[in-house]
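Undergrad: Each chain, letter by letter, is given below.
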Amino acid sequence: MNIKPLGDRVVIKTLAQEEKTKSGIVLPDTAKEKPQQGEVLAVGTGKTLENGQKVPLEVKVGDKVIFSKYAGTEIKIDGQEVMILNERDILAII
Amino acid sequence: MNIKPLGDRVVIKTLAQEEKTKSGIVLPDTAKEKPQQGEVLAVGTGKTLENGQKVPLEVKVGDKVIFSKYAGTEIKIDGQEVMILNERDILAII
Amino acid sequence: MNIKPLGDRVVIKTLAQEEKTKSGIVLPDTAKEKPQQGEVLAVGTGKTLENGQKVPLEVKVGDKVIFSKYAGTEIKIDGQEVMILNERDILAII
Amino acid sequence: MNIKPLGDRVVIKTLAQEEKTKSGIVLPDTAKEKPQQGEVLAVGTGKTLENGQKVPLEVKVGDKVIFSKYAGTEIKIDGQEVMILNERDILAII
Amino acid sequence: MNIKPLGDRVVIKTLAQEEKTKSGIVLPDTAKEKPQQGEVLAVGTGKTLENGQKVPLEVKVGDKVIFSKYAGTEIKIDGQEVMILNERDILAII
Amino acid sequence: MNIKPLGDRVVIKTLAQEEKTKSGIVLPDTAKEKPQQGEVLAVGTGKTLENGQKVPLEVKVGDKVIFSKYAGTEIKIDGQEVMILNERDILAII
Amino acid sequence: MNIKPLGDRVVIKTLAQEEKTKSGIVLPDTAKEKPQQGEVLAVGTGKTLENGQKVPLEVKVGDKVIFSKYAGTEIKIDGQEVMILNERDILAII
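Residue numbers (our numbering), protein chains in the order written: chain A, 112 to 205; chain B, 112 to 205; chain C, 112 to 205; chain D, 112 to 205; chain E, 112 to 205; chain F, 112 to 205; chain G, 112 to 205.
Same shape as in the complex, but just chain A (with noise of 0.2 angstroms):
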């Protein structure tokens, strides 16, 4: 795919609904953060600390990973639904 997110963004696959049962994990829709599944496809360089260090992202490409449903901004790429958001916004590798 051929974008680059900036700084500490991620972009990332959303994963369908069955594939979550698959790997034995449940995101139930009443939790409060509505937490989602998905796939990275691709990284920024990394978030630049206040003494002009950059940081790499601890994720990489094609990490499973779980973030928030609400957290960052979702686009279209060649009719794939994906998602742009911060490293932060990821709670986890799964």
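Just so you know, these hints were derived from the structure itself, not from any lab.
One thing to keep in mind: the hints can contain errors.
For each label pair, taking beta carbons as the anchor points, the in silico distance ranges come out as [what the hints assert, rightly or not]:
1. E:173 to G:172: 17 to 27 angstroms
2. B:124 to F:156: 53 to 63 angstroms
3. C:181 to G:181: 23 to 33 angstroms
4. D:172 to G:150: 44 to 54 angstroms
5. G:124 to F:199: 26 to 36 angstroms
6. A:167 to F:172: 41 to 51 angstroms
7. F:190 to D:113: 28 to 38 angstroms
8. D:150 to E:162: 38 to 48 angstroms
9. F:172 to G:124: 26 to 36 angstroms
10. B:156 to D:199: 22 to 32 angstroms
11. A:171 to F:126: 48 to 58 angstroms
12. B:167 to G:150: 28 to 38 angstroms
13. G:163 to E:173: 22 to 32 angstroms
Here are the computed lysine to aspartate or glutamate pairs in the DMTMM-like style, where the Cα-Cα straight-line distance is at most 20 angstroms [said to hold, decoys possible]:
14. D:187 to F:200
15. C:165 to E:185
16. C:175 to C:150
17. C:175 to E:119
18. E:180 to G:161
19. F:158 to G:185
20. A:158 to A:174
21. G:187 to E:200
22. B:115 to A:150
23. B:158 to B:200
24. C:180 to E:185
25. D:175 to D:192
26. B:115 to A:169
27. G:115 to E:200
28. E:124 to E:161
29. B:158 to A:169
30. E:187 to C:200
31. C:165 to C:119
32. B:171 to C:119
33. A:115 to A:192
34. G:158 to G:119
35. F:115 to F:192
36. A:187 to D:200
37. D:175 to A:189
38. E:158 to G:161
39. E:115 to C:200
40. C:158 to E:161
Yeah, the Cβ is synthetic: ideal placement off N, Cα and C, and Gly gets one too.
Got chain A; can you put chains B, C, D, E, F and G on it based on the hints?
TA: Just chains B, C, D, E, F and G now, with coordinates in the frame of chain A:
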């Protein structure tokens, strides 16, 4: 458990009401911040300071902790309810 | 007491109303921030500064302190009501 | 174009709706943050960190970018509508 | 007085209305922030900066100061009304 | 002009509506942040960073700039309307 | 005047409406932030940065300044109305 929380996040297994009484600690329903007991299942790699230093978490896998019921995000893994929260939402190790 | 508060948190045993009069300090009910007396039962390992330095707490176990009644989280251990709060919510050692 | 954005600001030419479809990216009207495509016309000298270091921008003139429609300030130069916004409001280079 | 304020906190004895007139300073009731006069009874050990340095307070015991009436917490010690407040809520030494 | 703005402040002479058209830039009334053109009359000594370093301003006397109409404070000097605003409220040099 | 403002605070004597006209500066009543003229009577020792460095104030005793009418605290000394405010609320030296 195959889950890696990011940064200073922690995965916690919620402990049932009866376990609380056994350890001599009672967390009353009327408490303002609704503290709750749990056991640490996984910890993140730590918090990155503005000087680039990575600070490992104070809690480790297996620790019994008290945390605020309203903090974090609830998910289920193989039928087990777990919480993903920031270490700063953990009040104490018990 | 077998409880280890995290970071700059402190565990405090609330002192009864009559003890306050004995020490010559009266904390009127009408006070805006509802200050309260207590005794420090346990202290955290300290606060981590942005340069990675760990700053130990100013209060130590056994100190009698004044703190804001509305700060922190109330729990009970073996029938004893205790508070877990941040050191910054402690006003003074008395 | 004779315009020099200050600091970490960027001047962007808004791209028309039809150009979006050509590149295979569709930005649906229903998106919460109303992302929009554009082309970078001018970039500021960078962001000054608290240690005095100047960090150059990640985007450069000519980059096609996605940004939030609600960010920034709209002006017109010679009939051409452009946006002045902070680099942090740019989500990705496409 | 046997009270040790923490950090950059200060204990202040409120001065009565008539003392104010004597020193030539009148603090009108209509003032927006309700400034008030007092005498410093005890000072904290200072403020800890992010580089770990401890900065001692500018005020010292015995100083007459002007502070905002709405800042801080009111307690009584042996019938004497005192205030515990942050040094930043003290406007000036008079 | 005998006025020295403090820190990172700038004094700006507001340019009339017709001058804008001449330079080819039109700032529509419907713009959300109401950008406006002006000429820099005086600049402050710069911004002091947390490391004590003084960063001089990017704009200099004589620069034509675009700034937000709602930023800053309006005063009149010898009948001339000027604005005092922070450099961060200036969007670009034109 | 026997008053020492703390930190980066400044004591200012408010100048009457007619003095403003004399210096050629008119501060209209309709101005949004209600700027006002004054003369600096006393200055604090400066602002302490996070690296422990003390930065002296830019204004000095005797400076005529423009400040926001709504900033600071009004007190009276020997019948003279003065303001105590932070240096950051002073817009310019005139």
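Undergrad: If you test the structure against every hint from before, which numbers come out violated?
TA: Checked against the structure, the hints that fail are numbers 12, 15, 18, 19, 28, while the rest are satisfied.
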